[in-house]
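From just these sequences and the hints, can you work out the full model?
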Amino acid sequence: MKIFLTEKIHADAVAMMGEHVTVVQGTSVDPDEIVRQAQDCDAILVRSARITAEMMDKLPKLRAVAKHGIGVDNIDVRGATERGILVVNAPFANVNAVAEHGLALLMAASKFIPQLDRMTREGGFARRNEFVTTELAGKTIGLVGLGRISSLLAKKLSGFSVRILASDPFVTEERAKELGVELVDLDTVLAESDFVSLHTPLLDSTRHMMGREQFAKMKRTAWLINVSRGPVVDEEALIEALKAKEIAGAALDVFEQEPPAADNALFALDNVVLSPHNAALSDNALRAMAMDSAQGLVDYLEGRRPEFPVNREVLEK
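Just so you know, the numbering used here puts 98 at position 105 of the sequence shown, and the rest follows in order with no gaps.
The calculated lysine-lysine pairs, modelled on DSS-like cross-linking and capped at a C-alpha distance of 27 Å, are:
#1 Lys104 / Lys210
#2 Lys170 / Lys212
#3 Lys212 / Lys238
#4 Lys149 / Lys132
#5 Lys132 / Lys238
#6 Lys310 / Lys51
#7 Lys212 / Lys149
#8 Lys149 / Lys170
#9 Lys132 / Lys170
#10 Lys210 / Lys236
#11 Lys1 / Lys51
#12 Lys210 / Lys238
#13 Lys104 / Lys212
Keep in mind that the hints were calculated from the coordinates and are not lab data.
Just so we're clear, the structure is a prediction, and the values are computed from it rather than from any experiment.
Next comes the structure, spelled out in structure tokens:
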């Protein structure tokens, strides 16, 4: 049996798979090249590469697809299910890494760390009084979505003397209380939070859930934090809100188009903190994501039930 890797993953996972199957390392994320190179493979493990239903139809031996991480929006899960192809992921592997990165962006925004670093390097020490930073103590942090990552972020924030609000229709009051979080509706999160942090998957219902209407409801002193998925935010509307000072700023790890265009307007704004979608790329998370996703494929190909199936219905057929 053969497993195709669209991109490089941690060496430990490659070695583990090599004890069970033949590992084929791809050289391109171009769809045509993936189809050509994975022609006789039983499974595919992807990071950022897209796997569409059309590609599946051109891979007659394909039985399973694994996502190196949590979000499977780059895999046509419905198409896979219709074709009896199992999708697995690594839902816990990068939770701490992303929660820490979300906290880091929040701190960088509140303390103007990127701006102060740049100013100091450029000889602007005497300008230090131009930046008045924000203390988190006494502030309100709003979490949009209260899943694994944001729940851990809430725990990490518990020592900062902040009020934490959260909006999530799938979370109970009991669960929110356990986390020290007030469960409210989205409008309340937007209106009362000093920092609004996004933690939702990319679905049809969440695409552009943050747009002009939502930015208008936020405080003019509030910051938007996004470590979820870029298209959750209407980037054009965000840029307008930032330029107009309708909100104070944004700290983003993700973009609506990735990689972003070289002339993306966000790059020219001083009230923006950016990172290149690398929240999950810690030393521990990279190994854990690779091992969990690889193990899921090996288990399935060898007739065992994988621990983290995404489309469980395939297993019931």
